[in-house]
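The listed protein sequences derive, respectively, from chains P and X. Reminder that position 407 of the first sequence reads as 407 in UniProt numbering, one-by-one numbering, no gaps. Reminder that position 401 of the second sequence reads as 401 in UniProt numbering, one-by-one numbering, no gaps.
Keep in mind the hints are simulated off the structure, nothing from the lab. There could be a bad hint or two in this list.
[Unchecked claim] The following label-pair restraints were derived from C-beta to C-beta distances: (1) P:Ser177 <-> X:Asp252: 58 to 64 Å; (2) P:Arg48 <-> X:Gly28: 53 to 59 Å; (3) X:Pro196 <-> P:Gly333: 51 to 57 Å; (4) P:Asp187 <-> X:Val86: 48 to 54 Å; (5) P:Gln440 <-> X:Asp390: 51 to 57 Å.
[Unchecked claim] List time: in silico DMTMM-like cross-link candidates among lysine to aspartate or glutamate, alpha-carbon distance up to 20 Å: (6) P:Lys287 <-> X:Asp180; (7) P:Lys148 <-> X:Glu145; (8) X:Lys140 <-> X:Asp157.
A quick note: this is a predicted structure, and the numbers were derived from the prediction, not measured. From the three backbone atoms N, C-alpha and C, an ideal C-beta is built for every residue, glycine too.
These are the residues of each chain, in order.
2 protein chains.
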Amino acid sequence: MAKTPKNIAIVGSGLVGSLLALYLRKAGHSITVFDRRPDIRNVQFSGRSINLAMSNRGWKSLRAVGIEDEIKKIAIPLDKRAMHVVGQPLYFQKYGKDGEAIWSISRGVLNRRMIDLAEEAGVEFRFEEKVWDVDLPNAKIFTGETEKGVWEEYDYDVIFGCDGAFSRVRHKMQRRSRFDYTQEFIDVGYKELTIPANADGTHKLDKHSFHIWPRGKFMFIAMPNLDGSFTCTLFLPFEGEVSFESIKTKEDAKNFFTAYFPNVMQDIENLTQDFFSNPTSAMVTIKCYPWTYWDKVALVGDSAHAIVPFYGQGMNAGFEDIYVLCELLDKSGDDWSSAFEAYQEMRKPNADAIAELSYRNFMEMSSKTADPKFLLQKKIERRFSEKYPDKWIPSYSRVTFSDASYAEALAIGDAQEGIMKQIMQMPQIEEKWDSQEVEQRILELL
Amino acid sequence: MAKTPKNIAIVGSGLVGSLLALYLRKAGHSITVFDRRPDIRNVQFSGRSINLAMSNRGWKSLRAVGIEDEIKKIAIPLDKRAMHVVGQPLYFQKYGKDGEAIWSISRGVLNRRMIDLAEEAGVEFRFEEKVWDVDLPNAKIFTGETEKGVWEEYDYDVIFGCDGAFSRVRHKMQRRSRFDYTQEFIDVGYKELTIPANADGTHKLDKHSFHIWPRGKFMFIAMPNLDGSFTCTLFLPFEGEVSFESIKTKEDAKNFFTAYFPNVMQDIENLTQDFFSNPTSAMVTIKCYPWTYWDKVALVGDSAHAIVPFYGQGMNAGFEDIYVLCELLDKSGDDWSSAFEAYQEMRKPNADAIAELSYRNFMEMSSKTADPKFLLQKKIERRFSEKYPDKWIPSYSRVTFSDASYAEALAIGDAQEGIMKQIMQMPQIEEKWDSQEVEQRILELL
Chain P
1 MAKTPKNIAI VGSGLVGSLL ALYLRKAGHS ITVFDRRPDI RNVQFSGRSI NLAMSNRGWK
61 SLRAVGIEDE IKKIAIPLDK RAMHVVGQPL YFQKYGKDGE AIWSISRGVL NRRMIDLAEE
121 AGVEFRFEEK VWDVDLPNAK IFTGETEKGV WEEYDYDVIF GCDGAFSRVR HKMQRRSRFD
181 YTQEFIDVGY KELTIPANAD GTHKLDKHSF HIWPRGKFMF IAMPNLDGSF TCTLFLPFEG
241 EVSFESIKTK EDAKNFFTAY FPNVMQDIEN LTQDFFSNPT SAMVTIKCYP WTYWDKVALV
301 GDSAHAIVPF YGQGMNAGFE DIYVLCELLD KSGDDWSSAF EAYQEMRKPN ADAIAELSYR
361 NFMEMSSKTA DPKFLLQKKI ERRFSEKYPD KWIPSYSRVT FSDASYAEAL AIGDAQEGIM
421 KQIMQMPQIE EKWDSQEVEQ RILELL
Chain X
1 MAKTPKNIAI VGSGLVGSLL ALYLRKAGHS ITVFDRRPDI RNVQFSGRSI NLAMSNRGWK
61 SLRAVGIEDE IKKIAIPLDK RAMHVVGQPL YFQKYGKDGE AIWSISRGVL NRRMIDLAEE
121 AGVEFRFEEK VWDVDLPNAK IFTGETEKGV WEEYDYDVIF GCDGAFSRVR HKMQRRSRFD
181 YTQEFIDVGY KELTIPANAD GTHKLDKHSF HIWPRGKFMF IAMPNLDGSF TCTLFLPFEG
241 EVSFESIKTK EDAKNFFTAY FPNVMQDIEN LTQDFFSNPT SAMVTIKCYP WTYWDKVALV
301 GDSAHAIVPF YGQGMNAGFE DIYVLCELLD KSGDDWSSAF EAYQEMRKPN ADAIAELSYR
361 NFMEMSSKTA DPKFLLQKKI ERRFSEKYPD KWIPSYSRVT FSDASYAEAL AIGDAQEGIM
421 KQIMQMPQIE EKWDSQEVEQ RILELL
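Use the sequences and the hints to build the structure in full.
This is how it looks when you write it as C-alpha cells:
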C-alpha cells in the first residue's frame, strides 16, 4: 500500500464505498465518506432492493481485509436453484460441485454491518451531506443543502467516486472531452415483495435455495433472509400486454398473481398493498472510460460499470475492483498515478465482459428459456461437464466460483458456445444427445 | 402546421436552431431563440470549424421554407474529389452523375445569413443568455449569468433543444430514468487551417473540387470559400507516433508538413502560428432516446444525434429532421404530442444509420484506403455502377444525392457489400476485374 498517508474522500457509503474505506483505512490513510442519504443504520430499508448473492470474488475481497467470517454470519449459503415451473413439480438444480454455493445477504443488513466495521476501524462518515461538484485536478469536493445554495469546499489528496450508477463524480468527468459514456436501460423493471417467516421464525420455502418462478418474458425470484423471511423480486416488462403498465389496480395485481404465480401468491405479505407502495425500478447498463483522473480521482464499482442483475455479479465485481486496486496501490508505493492507470486498464475489459454476460443472461431468461433446443443444449453441456469436470467448466461456475477474469470467462464461454453450436447440428441430436458419439465429438472439438 | 399559434423557445442559434426558428415562425408561431454565445454576426469565427458540404437533404429542407436560392449565393458547387496522393499526379473522382454536386459553405457565413433570415421573418434572438436548466413537464427555461447565480425563469408552450452535441436540454432529459444515452469519441482529432486567396482574389487550387490529401492514419482536406480562400482541416490521431501529441514545437509542425504535405505546405497561411493558436478538436458520436418529452420538449439535430464528420451529413441530417418534423406538425393540427412521437420514431433509425455510415467512412479512411483489395473493390463497383446506373447506386450517391432514408441507404449498402464480398472471392479477380464474367456475376447476384 502507498507509503505516505493520504487524506482521502470517498463519495458514497454503499457496499463498495464502505469496503474501500475499510481497505484504505487499514492501510493507514485518513478516510472521510460522504453520503447524500441518511445513515442507513437509522432508517427503514427502501423497499427497492434485490437481495445480494455473494460469490467467490466477493468473499475473496472480504477475506483480504479480514472480515469474511464477520459477514458470513449474516449470509445464508444457497447451493442450488429451486425451479417453480408451470405444470411441473418443484425441482432443484445444483449450482456447482459439492461445497460450492452463493450466499444470500440482505443489501440493507450488509451495508449496515460494513459501515459499522469501517467506523470501528476509524473511518469518518458524513451522512446527509450532498456532494454537488468535484474539482478534478485539485481533488476538491463541494457539498451543500441544494445545488443552487451555499456550498462547503473540502480539499483532499484523492477522491473516490463510489456513488453508484448515477454517480455525481462520474457526471463531472463525463463533461470532459474524450470521455466515453453509455447508459442503456432494458425494457424490464423490477419490484421488491416479501414472503414473511412462519410464526415460529422458520422459512416458508427451502432456505438453501435460490427460488425461481420463470414465466418467459417475466419471472419471480425469492432469496432467504436470516429472520425467516424471503426478499422477492418480480421482473416484468414496463409496457405491453403483461406489464407493470397493465397492472393498474389492486384487482389487476391480484389477477396477475392468481394467473401466473398461484402457488406463491398466498405467501406474499401485503401483496396488493406492497405492489403499489414499493417503487418499480429500472435496470441499466452503464459503461464509461477513463475511470480515473491523474492521481486525483477514481471511480470504483457501479459508478464505473453498472450492470443488470441477472448474473448476480454487480457487488462481486465492485468488490473485486477494490481487491485489484488495493493490490496495485500496495505494489506502487506512492505512485498513485501508475496504480490508477493500471487499475483502469486491468478492470475495464473485465467490467465490459461481466456487463455482456449479465445482459446475455437477461436475454436468455426472456427469450430462450422456453426454447426446447436451448434446454437440450444446456442438458448436453451439463452432462458432459459432470463427466469431465476438468475439461468443461460451465460459464456460470467460472464466473461465480473461480478467480478467472470475467474477460476470460466470456472468451471461454464463447468458445464453448461455438462447440455446442456444432453439436446441436448433429443429425438426430434430440435422440442421441446422451450418446457416446456426442461425447466423443465434444472431446474432439475441445 | 399546427393551427393554434404557440409560444416557442429554441435553445441554440446554430444552423439547426435558426432554420427551425424560420420554419416555425413562418407557420405563425412566436419564436425566441436563446444562445449562450454572443451573436455570431458580431464576432470573429472560432478557428475550429470544418467547412460544410450541403447536399440534397439540406437543399430540400431550405427549399421548403423558401431560402434555397438565397443560400446558394454563398455556396460553391463541388462536383468531384481532387486526390493528392503521394507519388501520383493529382487526379479527380466525380461525385455522381453530371449536375450532381455537394456545395461548400463556410459554417460561420451560413450561420450569419440564417440568423439574418430568421430575424427578418420575426424571430427574436437572445444572445449571451445562458440556459442552465429546463423544467420539462412545464416547458420552463432558466437562464442566468452563472450556474450558481440568480436565474431568470421563462414560461413557454414548447421548447426545442437545438444546442448541439453537448446539449443542456438533453442533459436534463438524460437524468431521467430509462433515457438511453451514448457518447463515444474517436481517437482522431482535427484542426482548422487556411489556404488564403491569390493576390487577385482567385483560388489557389481548383475551386470546384473537394481536395483530399489521404495519408493512411491521417489526412488533410481543403474546401473553397467565396473569397478565394480554402478552409482546411487536418485530421490526425491525438496520440501515437505521428499525432497531435507528438507535434510540440513550431519546428515539429514544419517537419510534419514537410514530410507529409510538401506540396500544400507553402500555401498554408501562418502554418506554424495557426497550428498552435487554433484548437485541436475532438469528434464524438452521440446517440440517445427518447428525443421528446410529451408535447413539451424535443431535441433536433446534433443534440439528438451527433455524428463524426466523415460523410459530410451532420448538418444535412439536422435539416432533414426539421423538414420531417414540420411536415408532421403540418398534418397533426394541434396534436403536438403525436407529431413529436412520430418524429422520433421516424428519425431515430435514420439517425442511427447515418451515425453508422459516418463511422464506417472514418474506419475506411483510416485503415482501408491503403488496402489494394479495397481499392480494387471500389474500382469494380464504380465500373459496374457507371454501366448500370439504375441497378447499382453507390451508397455515397444514395446518401448524398437522393431522398432515400439513411436507414435504407445503410441496408442497401450492406446488401451491395455482401455481393462485392462474393465477387472479390472470384479466382484471379485482380486480372479479370473488368471482364464480362465479373459483370455477369454481379447481375446474377443482384
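Now for the hints, and whether the structure bears them out:
Look at serine 177 of chain P against aspartate 252 of chain X: about 22 Å separates their beta carbons, and that is not inside 58 to 64 Å. For arginine 48 of chain P paired with glycine 28 of chain X, a C-beta distance near 47 Å fails the hint of 53 to 59 Å. Hint check: proline 196 of chain X to glycine 333 of chain P, Cβ distance near 55 Å, so the stated range 51 to 57 Å holds. Take aspartate 187 of chain P and valine 86 of chain X: their Cβ atoms lie about 51 Å apart, and the range 48 to 54 Å holds.
Look at glutamine 440 of chain P against aspartate 390 of chain X: about 56 Å separates their beta carbons, and that is inside 51 to 57 Å. Note on lysine 287 of chain P and aspartate 180 of chain X: the hinted pairing holds, with a Cα-Cα distance of about 12 Å set against a maximum of 20 Å. Taking the CA atoms of lysine 148 of chain P and glutamate 145 of chain X, the gap is about 13 Å. The hint holds against a cut of 20 Å. In summary, the hint linking lysine 140 of chain X to aspartate 157 of chain X is supported, as the alpha carbons are separated by about 8 Å, within the 20 Å threshold.
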